[in-house]
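Student: Model the full assembly from the supplied sequences, consistent with the hints where possible.
Chain by chain, the residues run as shown.
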Amino acid sequence: MTDLFFSLVANWGLLIIGLSAYFSCLAMPIPTFAVMLAGGAFAAAGDLVLWQVITVAYTAAVAGDQTGFQLGRFGGQWLTARLVDRPQRAALFARAVKVVDRWGTVGVFFSTWAAAPLGPWVNFAAGAARLSRWRFTLWDALGEAIWVAAYVSLGYFFGTRLDALTELVADWGGLITALCLATAACIGLIRHTQNSHKPPDH
Amino acid sequence: MPANHNGFTRRHRTAIRRLLITVLALALLGTTFFAVRLTTATAVWTDPARQFEPIAGWMTPRYVAMSWQVPPEVVGAALSLEQDGMGRKITLAELADLRGVPLHSLTGDLTTAIAAYRAQHP
Chain E
1 MTDLFFSLVA
11 NWGLLIIGLS
21 AYFSCLAMPI
31 PTFAVMLAGG
41 AFAAAGDLVL
51 WQVITVAYTA
61 AVAGDQTGFQ
71 LGRFGGQWLT
81 ARLVDRPQRA
91 ALFARAVKVV
101 DRWGTVGVFF
111 STWAAAPLGP
121 WVNFAAGAAR
131 LSRWRFTLWD
141 ALGEAIWVAA
151 YVSLGYFFGT
161 RLDALTELVA
171 DWGGLITALC
181 LATAACIGLI
191 RHTQNSHKPP
201 DH
Chain U
1 MPANHNGFTR
11 RHRTAIRRLL
21 ITVLALALLG
31 TTFFAVRLTT
41 ATAVWTDPAR
51 QFEPIAGWMT
61 PRYVAMSWQV
71 PPEVVGAALS
81 LEQDGMGRKI
91 TLAELADLRG
101 VPLHSLTGDL
111 TTAIAAYRAQ
121 HP
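If you read the sequences in order, they're chains E and U.
The opening position of the first sequence corresponds to residue 1 in our numbering, with each subsequent residue numbered one higher.
The opening position of the second sequence corresponds to residue 1 in our numbering, with each subsequent residue numbered one higher.
Since the hints were made in silico from the structure, they are not lab data.
If you're wondering where the values come from, they're calculated on a predicted model, not measured in any experiment.
Glycine is no exception: its CB is placed at the ideal position from the N, C-alpha and C atoms.
Certain hints may be false.
Beta-carbon label-pair distances, calculated as ranges [to be verified]:
| # | chain 1 | residue 1 | chain 2 | residue 2 | range |
| --- | --- | --- | --- | --- | --- |
| 1 | E | Met1 | U | Gln69 | 20 to 30 Å |
| 2 | E | Gly75 | U | Arg118 | 55 to 65 Å |
| 3 | E | Pro87 | U | Leu29 | 51 to 61 Å |
| 4 | E | Trp121 | U | Arg17 | 19 to 29 Å |
| 5 | U | Asp47 | E | Asn195 | 47 to 57 Å |
| 6 | E | Leu15 | U | Gly108 | 26 to 36 Å |
| 7 | U | Arg50 | E | Thr183 | 26 to 36 Å |
Tutor: This is the structure in structure tokens:
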């Protein structure tokens, strides 16, 4: 499966790098980390140019995230309109908006590089919960810079064994994503339990 | 249905709690799964017997040269590539197709040439 993507990068170079970086931000199941590693490796071999790989990957990833955020915005507006006459669900949504307002930038930052598989969903949620666009853009741009730089460099410096490297990075990425999710769920549970013990207003 | 200070009902609270516990359980399962896989992948990465990956169809001539740490000329000569940059952005699989030969004959030639080069330059 990843070999197919290596072939595509070898044949189509920057086009495949750009497309996969863009569409993986929209929850398309593309192994973009493998594409980034291959981009770095082919740059080291002399088939691609390093700065072009980095520039294309970064621009496409940020554009993809912005698209996801905008789609989330549309979805959020639609949801808000539907919730007008359903106060309980509206309260739930309002609570989600509050959580995103408080934790959204942290989520956006870490989901671009550490927990990349969660990235598209965080973007949609951030847009739907009306996270401020400039805060989203700032943390997203910062996180994507780390992601692109890290993965392309890994490919550039250690890409002589691309298959073994891809496996290693995939498992490492999975582990970090699972740990991030576990941490977030733990924090959520603790806060939820604390809130449950507060006396109700009436 | 009684609502607390957040406008939440008890049912909502239980649902959120269940959701969080499910996410936590799945995340811990994922952590274990990937930790085991990572251990295997690390063992492969550090195994001295696997420092070179078998030549595959997706590789380009330049990539083979880099991966097997031989001068590009060795690969170029083994594949009878011309010195006009033809090796750029073509995979071995494509090259085999273009020439109407099976891929394993190309990889075989390459493996022999690389072995010969290494024998001469230990």
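Student: All the hints need checking, so say for each whether the structure fits it.
Tutor: Hint by hint, here is what the structure shows:
| no. | hint | in the structure |
| --- | --- | --- |
| 1 | E/Met1 to U/Gln69: 20 to 30 Å | holds (27 Å) |
| 2 | E/Gly75 to U/Arg118: 55 to 65 Å | holds (58 Å) |
| 3 | E/Pro87 to U/Leu29: 51 to 61 Å | violated (36 Å) |
| 4 | E/Trp121 to U/Arg17: 19 to 29 Å | holds (21 Å) |
| 5 | U/Asp47 to E/Asn195: 47 to 57 Å | holds (51 Å) |
| 6 | E/Leu15 to U/Gly108: 26 to 36 Å | holds (32 Å) |
| 7 | U/Arg50 to E/Thr183: 26 to 36 Å | holds (34 Å) |
In this structure, only the earlier hint numbered 3 is contradicted, and the remaining ones agree with it.
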